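Using the sequences and the hints given, assemble the complete structure.
Residue numbers (my numbering), protein chains in the order written: chain A, 317 to 691; chain B, 317 to 691; chain C, 317 to 691; chain D, 317 to 691.
For the record, the hints were derived by calculation from the structure and aren't laboratory data. Be aware that one or more of the hints could be misleading.
Which copy is meant is left open, because identical chains are indistinguishable; a pair holds if it fits in one copy or across any two.
As the list claims (entries may be wrong) - Subject to a maximum C-alpha distance of 20 angstroms in a straight line, what follows is the list of computed EDC-like cross-link-like pairs (lysine to aspartate or glutamate): (1) Lys603 <-> Glu484; (2) Lys431 <-> Glu656; (3) Lys603 <-> Glu466; (4) Lys438 <-> Asp373; (5) Lys543 <-> Asp557; (6) Lys652 <-> Asp411; (7) Lys583 <-> Glu487; (8) Lys583 <-> Glu484.
A quick note: this is a predicted structure, and the numbers were derived from the prediction, not measured.
4 protein chains.
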Amino acid sequence: MGMIGGGEGAFIGEVHRLAARIAGNIDLVAGALSSTVEKSMRSGHALGIDPDRIYPDYKTMLSVESALPEEDRIDIVSIVTPNFLHYPQASTALDKGFHVICDKPLTSNLADAEKLLSEVKKNQSKFAVTYTYTGYPLVQEVREMIWSGELGIPRKVIVEYLQGWLSEPIETEGQKQAVWRSDPEKSGIGGALGDIGVHAANLVETMLGKKMESVSAQLNRIVSGRKLDDDGQVMFKMENDMMGHLNFSQVAFGEENNLNIRIYGDKASIEWHQMNPNQLLIKYQGKPTRTVTTGFSASTESAGALTRTPGGHPEGYLEAFANIYQNFANDIISSKNGKEGNFIYPRLEEGVQGMRFMQAAVNSDQNQHSWTKIS
Amino acid sequence: MGMIGGGEGAFIGEVHRLAARIAGNIDLVAGALSSTVEKSMRSGHALGIDPDRIYPDYKTMLSVESALPEEDRIDIVSIVTPNFLHYPQASTALDKGFHVICDKPLTSNLADAEKLLSEVKKNQSKFAVTYTYTGYPLVQEVREMIWSGELGIPRKVIVEYLQGWLSEPIETEGQKQAVWRSDPEKSGIGGALGDIGVHAANLVETMLGKKMESVSAQLNRIVSGRKLDDDGQVMFKMENDMMGHLNFSQVAFGEENNLNIRIYGDKASIEWHQMNPNQLLIKYQGKPTRTVTTGFSASTESAGALTRTPGGHPEGYLEAFANIYQNFANDIISSKNGKEGNFIYPRLEEGVQGMRFMQAAVNSDQNQHSWTKIS
Amino acid sequence: MGMIGGGEGAFIGEVHRLAARIAGNIDLVAGALSSTVEKSMRSGHALGIDPDRIYPDYKTMLSVESALPEEDRIDIVSIVTPNFLHYPQASTALDKGFHVICDKPLTSNLADAEKLLSEVKKNQSKFAVTYTYTGYPLVQEVREMIWSGELGIPRKVIVEYLQGWLSEPIETEGQKQAVWRSDPEKSGIGGALGDIGVHAANLVETMLGKKMESVSAQLNRIVSGRKLDDDGQVMFKMENDMMGHLNFSQVAFGEENNLNIRIYGDKASIEWHQMNPNQLLIKYQGKPTRTVTTGFSASTESAGALTRTPGGHPEGYLEAFANIYQNFANDIISSKNGKEGNFIYPRLEEGVQGMRFMQAAVNSDQNQHSWTKIS
Amino acid sequence: MGMIGGGEGAFIGEVHRLAARIAGNIDLVAGALSSTVEKSMRSGHALGIDPDRIYPDYKTMLSVESALPEEDRIDIVSIVTPNFLHYPQASTALDKGFHVICDKPLTSNLADAEKLLSEVKKNQSKFAVTYTYTGYPLVQEVREMIWSGELGIPRKVIVEYLQGWLSEPIETEGQKQAVWRSDPEKSGIGGALGDIGVHAANLVETMLGKKMESVSAQLNRIVSGRKLDDDGQVMFKMENDMMGHLNFSQVAFGEENNLNIRIYGDKASIEWHQMNPNQLLIKYQGKPTRTVTTGFSASTESAGALTRTPGGHPEGYLEAFANIYQNFANDIISSKNGKEGNFIYPRLEEGVQGMRFMQAAVNSDQNQHSWTKIS
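Listed below in structure tokens is the structure:
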């Protein structure tokens, strides 16, 4: 694997690398880790990458690597740069025949996302989008439960993603993560919407196995001076007419990374909190609530396949992230061996759908919160 | 006190009586407990009411009692009948000079509510509306904290009231509570909206000390055949431009009586759950969350005044209800003694505001969920 | 009912009165509320007791009342004085033919307790001991579950009762509750052991339907200057050879009233916390934990009979206390009517057993913590 | 690093490898992974170890590797075999000059442990014992808080380690983990005591920075036929006279891996649960409880150094394990560079102390639970 971005001072790049190490079936052997050549070299050196494969920029990396013999060159390009760079980097990587694993949101605007969709079809490349939270075993447990009808007909969904780290205008003080996220040039059409809202929307669609159809959105710029939303809420309708609500914020003072979801069916309901990820509540009317736990009472094959330790040995965010890397790599390995398997990880289509969701929400908000189709 | 309604088979009448007994400063001495004379007599007898003061109907009770010498007659009329009866009963009671404590929603339509407002002004009567949940000590703790600025400027509020007991069409099987609540003739303009949504709206306004200004509502009739909403959600804007969201349901399979609220300020945030009422979370960005508990670390005078036992001896719903009765009775006693005090309980104005909220929500829903003023 | 003790400044007396009011089948009509005559009069007046039945001392009350015609006199004497007064007061009340409800621990020493046991047998009196916590619906749910074999063979029990209010020597500053509790003359052989340890022991025996057989105790006087234990732990063996552990403290800094119990069987296990009393966990090996809640998914008749409101409307300490009063009064009423029913409340025998437990623990501690029979 | 044990079907070996990968500063390059040569080869191959460095047995590995040039040979030997093999393997590894990281309990008897202590002193080797739980950031937060006096004088400690996986005699059905753990020949003097009790004891000593001085233990063989304890409890006294209690079980039906600890001081108290490891409660008398969380409100340098992600991105068991590997490797690297740093990980001395604790507990139990010195 070769990585684009993720050099000194980056947050998500190190998370991707930890995930790949835990996965164990993928090695970081090349990198263009920073837009600054020196920083890129320093970062690559610190990571123990062969100096010959620390590249000054992503174009060089992709050209040189693609010219290497197949057995020597990287298979996968991991893209961990700010949003506006995802498209040119992913596009070039696809063009050179690499598989791509890209952070979310997929791109900075919907048009770029749609282009990737057509470009990926031209070649054999596989494409993963790191909607991290779908890598948790209990998210897959819910997906399988709903698919098999254990919840009956879903009637209502409530999803929230609340953080507080942008409660103050820290981008004006140069905080690196905040600077690019609050800049429309780099972040794209969504602020908190793209940074976290899109995770929540993907979680809903993953669990339900259905798409959102339309939204009424209300986006806020609560900290004054912000050009992009830092808070908002979205009422949405699913394909099957079920109604839902998505609440998100990065100015929810005192919240850490509070992603949670409740789905109410007519036979059972579920509740899951990312910050307590090894526990899933299943509720019944007039009967005891059941608490399912990872590695102990989770009962689906999907959950079992994503679990590394016995119950009570908590697994977390890095293991969930690793599950995406591991399945993505297994899919590639399996394909090479001429076998097609059912590997669960978020695909390019889900990345594109995320951009469609964002575009519809932005349009709705600008059009007096009117109900707007996702398309 | 004389009670109208609350005879055999009723739920909330017994709760009112328990509340009055816990309060300890108010006695049930008369009643017109059922629309059926025999049932009324039987119920009154079972409660140990003097047979002379068990009345066949509310009009008789109000006439006879008002003709008694002042020291012998009841002071307070407690109304615990289905919504559509609140107006005629309260109106008559006011006309005869009684103080009134009435269940919520105040009436079955806004016009009746407005009439009560003008009627009460004509005499010296006091009027309480049993928005029960404001009787909890920690609700008053939050109100006082916000008033004194401890949360800074409130930025976002999320309130939910989720129940599951109407997940099936139990009104078709004659379940008494469900039958009248799902009948627009008896319940009025709102179903779940009036039964529980209005509690949630009142909780928001009580804690914040501000009124809701406008709403965009989306009401659902999820169980087929229902004429009134059994589920819905409301985006709302407060007087101070703060945005909020209210989610309510009586078909949230597996939920008991899950009323909860979170208010995010720019200095601190709070989270409170009615089902765990003796615990209040106060959150800070990057600092430890504080858990305040009733009778132990609650620090406001308001909370202290509503607490009967030391920390760790859980108080609950009945004690919260009793706090409303107790303060209402103390207000009356104090007035009689020529003293005006600051007694905290929900007043008629809040009952009327609840009806305005409901009417605006219904209008918004019928008008493509458009933003609608509360007035 | 006539009450002995519980005048101004008392804590538990007011709790008993609230409990009786909630119970609804018992009225406070007489009292000897304080050892000071004036205080007794003032307290009785504040409670609205007929001045003729406010007595200067308990002996007068018991004499005068017993001389009244049966239909006029009190049935029940409620004893809410410091421990050393329980015996003479209960003994006199029994002698005059009254039923007695007495706070715990039953007496200040085992000999007095044994005497009461023989005295009560001489007459028809009923005798309740207010081990409050057995009045919680879910405690009775567990008792019935264990009795019916749902947990299989119990293997291990862990019970804790932790408070922190005596962390400082507040008895030296005149805190009324602390003063008598830390004085062996008034409290008797146990400090925290008698105040809370005995509750925990009773909870174990109630749930399991078995008695403790022997103990190895280790009692501590953590705050220097204390003559009685303020902390301790007891290893115990039940009749059926099952081992358990009881940990108690009144110097556990920051604990409110943390009584909790876990019982491990070979088919299921339970966990219950008094501070969250409407929730019971039932655990299974490799299967989802079930959370049973009061009024919603509690399934035993015992629990249902002790519940006043539907699920999600929290009931608490006062309602649990009221259940003991209510059942005790119902037992007396039923007996008067010539019917014997199965009324669940803690009896004199359990009060005596509590004293035996305390004596054995004290003996063990003084004898190098050796294993000591309870007898 | 070369690993001894941990081949196919092993549990803890894979955990050690994942930990080393997360740590990132240590590579698995050699192994004698099974007592069966074929299995060892197959396991090594699956892990991608150079075939030349997959050894048939540990003695060969240690001989061959020690003969390699310093820059080529392994530095560290990781021992993940059943307890009875720890001593001979560690002893040989030390003799050949390797650094050793060994699973717990250190050995199968105290004598072997003491021998290691003298052997390690003869050379420059570093020795880590994988008391995993001390690798959690919040465990180190507590250690630093206590050291700096934030809790005041510790008065009472309660520690529990409860599991249920040995509730049935699964060792008779050949479950690999159960078979050797229940066999005194392989496990040594303790069953559950050595498997989990010793973790709990180490946690107490780590947090308090003090040693246990004496114990009164009561060990049980609850599942019939067991030769070693599967359950027990230990009352203990610390060097500073503070009393504590340790409860452990592997037959606590329905418990997963419930290690938890509470320490009560005279200024503050703490509570931590391994299954919810990113949350630490700090309790104060009459003041709000504070919840400290990893990466968000944890404030000590020790905790920060062990945290990889921002608050709300849960880290778990594998990351805690990785912290031990990482610090151990950093210590070695630092030493090589001639620098001595303060690297926090459990040392050989703590492994020996664990064996002393076990021996004292076994002696106490066999001697009528009498109080027994740890020495």
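**OP:** Could you check the structure against the hints above and give me the numbers of any it violates, in ascending order?
**Re:** Hint check: 2, 4 fail, others pass.
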